[in-house]
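Asker: As a plain string of letters, each chain reads:
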Amino acid sequence: MTGGSLAPSAATGVALPGISRLGRIRRLRRPSILRGFVWLYLVWSLAPVALAILFSFNSGSSVTEWQGFSLRWYVGDPYYSVLHDPALHQAVIQTVRLAVLTTVVAVPIGVLFAIGVHRWRSRQASAWTFVMLLAFVMPELIFGVGIFLLLTNLLTFIRLGTTAQFLALVAWNISWPAIIVRARLQSIGAHYEEAARDLGASATGAIRRVLLPLLFPAIFASVVLVFAGVIDDFVIVDLLSSNAQSEPMSVIIYTLGAHGGSAAAPALNALATVMLVMSIVTVAAGWAVYRRLTRGERRRDEGLSLGPLTGA
Amino acid sequence: MAGGTVTLNDLTKRFGSQCAVDGICAEITGGEFFSLLGPSGCGKTTTLRMLAGFEEPTSGAIVLDGADVTHLPPNKRRVNTVFQHYALFPFLDVRANVAFGLRYQHCSKKEVSQRVGEALDLVELGPYHGRRPAQLSGGQQQRVALARALVLRPSVLLLDEPLGALDARMRRTLQVELKALQERVGITFIYVTHDQSEALTMSDRIAVMNRGRIVQVGRPRAVYDEPADAYVADFLGVSNLMDAVVRTPGSAARPCAVMAGDFELEARGGVVDATGLVRLAIRPERVTLHGYRESVANAIPGLVERTVFLGSATQVMVHLAAGVTIQALVANGSEAASWPAGTPVQACLPPAALRVLPCDPAANPVEQAAAVPAGAVRPAP
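If you're matching them up, the sequences are chains U and Z in order. Going by the working numbering, the residue at position 266 of the first sequence is 266; the numbering climbs one at a time, nothing skipped. Going by the working numbering, the residue at position 375 of the second sequence is 375; the numbering climbs one at a time, nothing skipped.
Only chain Z is shown next, with the shape it has when bound in the complex:
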């Protein structure tokens, strides 16, 4: 079970004239929970299928534990897959499904029985061993798929949106279980998902993909807090974005001075030495609201458009004088602040939380624009 390091070396896959995966490089260390995160069509599933051996790369190499497996068929790789739609064999019961691959590992009958039992216990499905897949719930089927792959003790387990077909509650439960399971078995998990919260919850590292390329790789916290560009910022949950012009480029020691509309702001995050047109990003939970008459640094005045009660927090939409609407997340603590619609406020954008991102219109995720709630900042029409 040791090992499980994967190296992707300039991996490329073209379907006809279309480039699905465009020169991906990545180092995945043994025992890591590594997520490929991106919207549909970004090439994450194609990458996974190349790792599994279902697609032949157009160029580039896949190295598994030091051995080049780029052109090996799926059955010759110590890699197993958990499919999005489980692909459990409907004519076999749970036990036979889990035992399916053991035939090729030349185990004795006793060993097969023992390992299948262990695998089913691992996913807490022991009592269900005699059932057919059709007699199980979606979550149970997913566990069988997991057991069927893990029983073979692969070096790397590939998971293709395994929770995608489940309801939200089941998904949250299984996320935690899956992470715990991965830590217990110590196998490298490569996890494909389009759900940012799923990736943030479970991963050791996340690779955010867009248009066949990896845009950013890092720990969940780093990717979330320090997105490399507007695309990543936007994709990893709601982020306030606004256009700005750099007035004085900053450095490591000095914040970058930018003009957002008529307002001058300081930003310490992101590419502080950028020049010209940039985009500013700030998470809703980092925006603080203050009374209109208070004197606040690094703030833009605005009017509260509406508020949405979310339970633990209140979402406040503020239309800024700079011409955009941003979203602020105010915790519903003891001194629950109330900001009725129409209240003039000052929205403080702390320099440490304000990030300067390179302005690359091509990288702007158009398909995300519609999906992001009204809180995300768009240039006013």
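One chain only, chain U, in its complex shape:
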């Protein structure tokens, strides 16, 4: 029991000699079978990804035999590289386009939704919050098929393709900013805004000069999550794509990888690596900026920092 409660302090490196000694004792006692299991799990889950990344840098066209390092599948090959194959090239553009468009539209709407519902304070408001939460548990496939049927049967003036993908992605991703910003609004409370009003700011002035800066970390976190989420999205964009022009990276990798096609396998690995790096960079940069933004708050007031992102 005691060892268990001491382990976290040993892990965070608290410089208390007695405790760290106890922590070391505890580490020695840890069953090695668990450690082996963790390593097995990591290898099992990450090895395919690592191999795909590795062979995207292969100079030959094999995905099993290493023939030397090259950037052939990214930029070098005049026909099959990500840069020169029109399908792959277009997929990167389409992904970035959808990610930017969706983020720019979904985040402001989600933020306004959160502020509105927060002010509203009624049974209806909590019903709307519940609807937002529902989006988290609803299977994406159900949502995607629903939108697909809606657009192909009822709203036929909206063509499948970028517009349809964009509209569906916005609807699907509004929940992120709505939930995150609302959580932050609740921890901020009303007193900062009241202070601003008291000092002479109008209602909108208080929102602009006080509430938005306070919400900025949450808004920024939403931007990161929505952006990375769209990059990773497959179900919605696949269902609502119309032709090769509107197929983003995930769809290309799936169709060409699973069913074979004109593109070379290492080039698909390269595309997958691009996609992975995009997501990781977005989230990592977001996390770093978020830590910076909330630096002053975390020191004193844990209540103001946002659990989902800092809590790790």
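Everything labelled a hint here was simulated from the structure, so no lab data went into it. Backbone N, C-alpha and C define an ideal beta-carbon position, used for all residues, glycine too. Don't take each hint at face value.
[As the list claims (entries may be wrong)] Ranges of calculated distance between the beta carbons of each label pair, as one might list FRET restraints:
(1) U:Tyr254 <-> Z:Lys109: 31 to 39 Å
(2) Z:Ala61 <-> U:Ala288: 35 to 43 Å
(3) Z:Pro127 <-> U:Leu112: 27 to 35 Å
(4) U:Arg292 <-> Z:Asp225: 55 to 63 Å
(5) Z:Val176 <-> U:Gln186: 50 to 58 Å
(6) Z:Gly41 <-> U:Thr163: 52 to 60 Å
(7) Z:Gly30 <-> U:Trp287: 53 to 61 Å
(8) U:Trp287 <-> Z:Arg219: 54 to 62 Å
(9) U:Arg292 <-> Z:Gly30: 46 to 54 Å
(10) U:Trp39 <-> Z:Pro127: 49 to 57 Å
(11) Z:Asp121 <-> U:Gln186: 36 to 44 Å
(12) Z:Arg219 <-> U:Arg292: 47 to 55 Å
(13) U:Ala190 <-> Z:Arg131: 21 to 29 Å
[As the list claims (entries may be wrong)] With a straight-line cut-off of 25 Å between C-alpha atoms, the simulated DMTMM-like cross-links for lysine to aspartate or glutamate are:
(14) Z:Lys76 <-> U:Glu194
(15) Z:Lys179 <-> Z:Glu266
(16) Z:Lys76 <-> Z:Glu32
(17) Z:Lys110 <-> Z:Glu124
(18) Z:Lys76 <-> U:Glu193
(19) Z:Lys76 <-> Z:Asp195
Here the structure of chain U is known, so what remains is to put chain Z in place on it, guided by the hints.
Answerer: Structure of chain Z alone, referenced to chain U:
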């Protein structure tokens, strides 16, 4: 900066069926340090929030310097607030926090800089202007909040338990500073607190509130020495209270004769012409103890239960033959009287210090009963 008179006219606020503030009337003169004192839930903060403009009164009016401001939004009132939890903007440094409201007064850059500097000097925070609120101590944050409000030169400054979040020592220091500051700037301060010593230390006048009403308004000395009823007596520090029956009602010239148990006492304070059941109140420091065999007027015999050394004084609990325990505060002077437990004594309750209060069981502050030390008199079980 002149002006700052506030009139509350039958101010009422209901939340649903609950009446938080129940028809408050008050006249606060310009430059006054006026405290609203009461336990939590007595309506003092709601009153302050109505003054600031955060709550719309259900009925009644707030008049500020002759103008009705009852329905004006907070930003249209020359009233500023110092919040209990400061509400400093965490993303701005001290200077920007203090300058926040000046934007709405259309000051030139030079004037902003000058006034912010003056305000920070006033609260002795000049060297800290570049820090973020999170880098300041609680007391320093409180000063920033004060500077942020005072820099706008309001007619009235509202303070909502501004010292509540500070430790006892810091609180005592800031109490004195706050009073000195108020006298220097000459602005009307309306101060909400549940701490009676804070209110007594700083206020020009105190309004004691209970259940959404003002029970008594007066100077600290008057409220302390001449509480209007048992509630006020009890709330303003420890007071000995005991039940009694009036035998002969008194008048301005004649003391009221009452029976406390089997003992007849004379009382000159309070409602001397009351009849029937009353409560008697006396401050511990006014009770004097005498040897059992001495002949003392207006005294009740009793046994010393225990004594508590408090430093400058000794608190002596005496269980009276009238069936109650009272507290006497004996100064630890040169002839330090010693009253070991079990000593039979006579507790003298001087008529001038003994107050007759109307017996209103509804006004008896139940929530205070537990908080008051054992010295306060309760009917023996």
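Asker: So which of those numbered hints doesn't the model satisfy?
Answerer: As far as the earlier hints go, 1, 2, 3, 5, 15, 19 are violated by this structure, in ascending order.
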